[in-house]
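Engineer: Whole structure, please, built from the sequences with the hints as guidance.
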Amino acid sequence: MFRSSRYREIRERLERDQPPARVAVSSYLLLGLVLGLIAGLIYTWLIAPRLFIEATPARLEERYQQEYIFLVSQSYARTDDWEAAERRLQALNDPALPERVALLFEDYLRRGAPAGQVHNLARLTERLGGESPALALFAPTPRRPQVTAVAAAAASVRQPTSTPSPQPTATPTATAPPTAVPTRTPLPTATPRLLYRLLSQERLCSAAGPQPLIAVEVVDADLQPLPGIEIIVTWQGGEDRFFTGFQPDQSAGYGDFTMDEGVSYAVRVAEGSPEISGLRLEPCSVAGGGYPGGWLLTFQNLVLAAPTPTPEGSGQ
Amino acid sequence: MFKVMRAVGWTGAGLLVGLGLALYIGWVAWPVQVTDITPELLDPVHRQEYTIMVADAYAVDGNLRAARRRLERVGGEAEEQWLIEVMVDAILAGRDEETVILPLVALARDLGVSYPAMTPYLPQLEENTGKGAAPDDVSE
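The listed protein sequences derive, respectively, from chains R and A.
Residues in the first sequence are numbered from 3 upward in steps of one, following my numbering.
Residues in the second sequence are numbered from 202 upward in steps of one, following my numbering.
Check before you lean on any hint, since a few could be wrong.
Said to hold, decoys possible - Per label pair, the in silico range of CB-to-CB distance:
1) A:Val-246 / R:Ala-210: 58 to 68 Å
2) R:Glu-63 / A:Glu-298: 29 to 39 Å
3) R:Pro-97 / A:Ala-214: 43 to 53 Å
4) A:Val-289 / R:Ala-117: 31 to 41 Å
5) R:Ile-44 / A:Asp-244: 23 to 33 Å
If you're looking for bench data, these hints aren't it; they were derived computationally from the structure.
By construction, the Cβ of each residue, glycine as well, lies at the ideal position given by its N, Cα and C atoms.
Structural biologist: Pasting the structure below:
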């Protein structure tokens, strides 16, 4: 009986004491865990952080990212290596890269950067598909030297290709050096040949009211109006064409197209010209009336820039 | 005494586990994401690419002042040593001479750097010595 009551007493005491002991153990463990976690995070995040994991150009300060884009444009201008340029730009990890490069191009333009730098940025913007009203003026296509039919004809006069050419070294003397052998330098080809260039691009504003027009004036090499020239206007999901010369009260080389608000248009001469893109209806300045205004584009024909080649003159 | 030892033991064990967890979190799972770095802190691959582009830009615009400043940004205090390192790496990696090596050698030469690895490329650069006046650089 004594042993039994003593046993019960001990058992009750054990049952009473044991739970607090288990809680204490887990508390100590938890306390250590929290302290270790805090100390460890202070160490890894503040004292000795692994700072430069993936220190890609995307993490550069904004001004250095701009410089990085500028350097890419310069490098691309020098090497013409689009693959490298694209790879470098992708390192910026910017989904809105075309717009960003276009803004940088406009910024350089505003700050009066040297033409070469602006030109290179325009080229990069154009290649990325960025849009800017000024892009057409600086993108490479309008500035590229044009190879006209006249030039090709003139070249063909100098370098006959289809007829047998005199070979001064044909005699067996073998003393005369073959200096006069016509070289097989490839002739400048006319592909892709742009028959027109953009002569000017101006805002179309009027104090009298809105001017939601893309007005196109086409002139020849002597700046005389050219009627009957087909102009192509494209926009996302649409295309339209019109001809110059149907509004003689304006000019024989004039034609226009009515713009819709919020649509970005691209214009080119059907026979071949640089495409002028990013044309939107934009509000004019207060001095210009403050109304929405369009664009006046003047294209110049280059084929007639020199006397028309005559068949006789080709030497064929 | 036993209780104290046991408390210290459990706390120490928790501390070790916590530290290990924190090291994993802080260095692997969620390391510090640094932004707004300078070119000098780019990882080596991008740092080299940046330097090559600096040389390319110099080959295009001939602006030595701007090139030096950019090189200082990417190369730090030992910018000339860094340029040599990039140049030698490019030579050893057999990178394209025209688009990569020659611009680096030209930049090094015009910065007054002399290094044996440059020697074979110097004659090719002699023809391009007459550079015009450098335009102002608005990116500065």
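Engineer: None of the hints should be skipped; say for each whether it holds.
Structural biologist: Verification of the supplied hints:
Between Val-246 (chain A) and Ala-210 (chain R) the beta carbons are some 60 Å apart, a value that agrees with the proposed interval 58 to 68 Å. Remark: the range hint 29 to 39 Å for Glu-63 (chain R) to Glu-298 (chain A) is upheld by a beta-carbon distance near 33 Å. About 48 Å separates the C-beta atoms of Pro-97 (chain R) and Ala-214 (chain A), a value consistent with the hinted range of 43 to 53 Å. Hint check: Val-289 (chain A) to Ala-117 (chain R), Cβ distance near 36 Å, so the stated range 31 to 41 Å holds.
For the pair Ile-44 (chain R) and Asp-244 (chain A), the supplied restraint of 23 to 33 Å holds, since their beta-carbon distance comes to about 26 Å.
This entry satisfies every hint, going by the numbered hints stated previously.
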